[in-house]
Amino acid sequence: MPVPNHHLVTTPPSFESPPYPADIFAGQTVLVTGGGTGMGLAMARAFAQGGAQVAVMGRSLVKAQEGAAKIAALGVKVHAISCDVRLPDQVAAAFDEAEAMLGPVTLLANNAGANFPVLAEDISVNAWNAVTRIAIDGTFLCSTEFARRLIARGVGGAIINNSAQYIWTGFPGDAHSAAAKTAQATMTKAMAREWAPFGIRVNAIAAGFFPHETSTAGRREGTTEVLQNMIPAGRTGSIHEFGWLSVMTCSPLFAGLTGQVILQDGGESLRRSLMMPDYVPPRERVEGPWGWR
Amino acid sequence: MGWLAGRTARLVGESPAIGAALKAQGATFVTEGNCDVLVHVAASPPIKPVHELGHAEWRAALDHGLDQRFLLARDFAAERRAASQGGAVIFVGAPEQALGSDQAAAAGALSNLTKTLGVEWARDGIRINAVLTFEQGSTLGNLVAYLASDYAAYVTGAVMGVGLNDG
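Taken in order, these protein sequences are the chains called A and B.
Counting along the first sequence from 1, when you hit position 26 you're at 26 in this note's numbering, and nothing is skipped either side.
Basically this note's numbering = 1-based index in the second sequence + 1000.
Hints are computed from structural coordinates only; laboratory data are not their basis.
All values derive from a computational prediction rather than experimental measurement.
Glycine is no exception: its CB is placed at the ideal position from the N, C-alpha and C atoms.
Some clues are possibly wrong.
[Unchecked claim] Pairs of lysine to aspartate or glutamate, EDC-like flavour, derived with a Cα cap of 20 angstroms:
{"id": "1", "chain 1": "A", "residue 1": "K70", "chain 2": "A", "residue 2": "E213"}
{"id": "2", "chain 1": "A", "residue 1": "K70", "chain 2": "B", "residue 2": "E1135"}
{"id": "3", "chain 1": "A", "residue 1": "K189", "chain 2": "B", "residue 2": "D1150"}
{"id": "4", "chain 1": "A", "residue 1": "K77", "chain 2": "A", "residue 2": "E66"}
{"id": "5", "chain 1": "A", "residue 1": "K77", "chain 2": "A", "residue 2": "E97"}
{"id": "6", "chain 1": "A", "residue 1": "K189", "chain 2": "B", "residue 2": "D1166"}
{"id": "7", "chain 1": "A", "residue 1": "K70", "chain 2": "A", "residue 2": "D122"}
{"id": "8", "chain 1": "B", "residue 1": "K1023", "chain 2": "B", "residue 2": "D1150"}
{"id": "9", "chain 1": "A", "residue 1": "K77", "chain 2": "A", "residue 2": "E99"}
[Claimed, not checked] Under 8 angstroms between C-beta atoms, here's a sample of chain B residues computed to sit facing chain A:
{"id": "10", "residue": "R1007"}
{"id": "11", "residue": "A1056"}
{"id": "12", "residue": "W1058"}
{"id": "13", "residue": "V1119"}
{"id": "14", "residue": "A1122"}
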């Protein structure tokens, strides 16, 4: 159903008006994992709006290169790198390549992730490993590689992790991602504590639904439209407002911010009513609008 | 940058950093009446062992840290609705577990009130967020100014700190 006309729906400023000056990250390099598409691309573009040079990392070099071209259009130097964040040697090599091409990496966005709705009993070992290890091991490997380099140089930096709004409630029908995204949020706080003495800040966004070309709901005709009225804010998120908040946490504007997991979901995860739709087990909504098969 | 250009803000309580950041982002201050943004800063109650707190002291901490905040937000929201305008409320105070049991009760209640009102008033275009922290400096100011602005249009019902000691 569409949002009734008498409801007030607030929207962010347009992409052309970022909340920070165009030189706030001048001379700095950010590495964005999974930066070629979707939410990673939104983060990368937001960093570029602040003048950062961008290393775009992706398992698919083609996708990373396509994303890099879109980021370069904003007028910053970019470099695309192929890397599987689950493999320590590839992560180290990717940082070497990024620093050789663009200079020292002082900003890191851990965004790489895989996610798809599936019944828990249908999750194969491969699928479980893929979803959990890209987020959990990938965030560990990229963050520690990043921190070791900064600590060795004696300079500070900032990390932003792309977590999710379902980390406090669970997410029936998405067990692998529910586990993986919560690990990212809890390690955010622990790493922030460990690296505070070295001037490395670590924060996360517990992100709601920001539709983009590769998001799951985008697969079905009209699905995103249906979602608008389901969310308290009256709309799904605009992907550039997610990119901006991610980048703000790394900026000097929020220089004291660390160990925080900031919810940005339009109230979606907080919905709770005396009157709710009947509970339907995920198994029994196989053919629904977000069916599994 | 002007995140709050053309917006009116009411700052209740003491915070030079928040005042400076709201002003730097273009907000105009008002002391009463309908306005776009309400920021309520609660001073921390003194730390005393809970078994040495009299009921009057306990009540004062809860009145200051919770009741007055709810009543102010309720009146703010009523004015915004009457004007068919959205708005933003930001509650600012000390972390929940950092002081005495009176603060733990007040801040815990405030956190879940923030989450509740964030959803209850979402379709009025009114966002409610809370920053519970020891930070007094420019990061707090900038964070509150951000939450007050349309840049945070998709942030509501969020409770956050600033630094490591805010958990």
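Right, here's what the structure says about each hint:
1. K70(A) <-> E213(A): holds, 14 angstroms
2. K70(A) <-> E1135(B): violated, 38 angstroms
3. K189(A) <-> D1150(B): violated, 27 angstroms
4. K77(A) <-> E66(A): Distance ~14 angstroms between K77(A) and E66(A) Cα, so the pair holds.
5. K77(A) <-> E97(A): holds, 14 angstroms
6. K189(A) <-> D1166(B): holds, 11 angstroms
7. K70(A) <-> D122(A): With a Cα-Cα distance of about 37 angstroms, the restraint between K70(A) and D122(A) is violated, given a limit of 20 angstroms.
8. K1023(B) <-> D1150(B): holds, 16 angstroms
9. K77(A) <-> E99(A): holds, 12 angstroms
10. R1007: Violated: closest Cβ of chain A sits about 13 angstroms from R1007(B), beyond 8 angstroms.
11. A1056: violated, 34 angstroms
12. W1058: With a closest approach of 29 angstroms, the W1058(B) hint is violated.
13. V1119: Since the shortest Cβ distance to chain A is 5 angstroms, the answer is holds.
14. A1122: Holds: closest Cβ of chain A sits about 3 angstroms from A1122(B), inside 8 angstroms.
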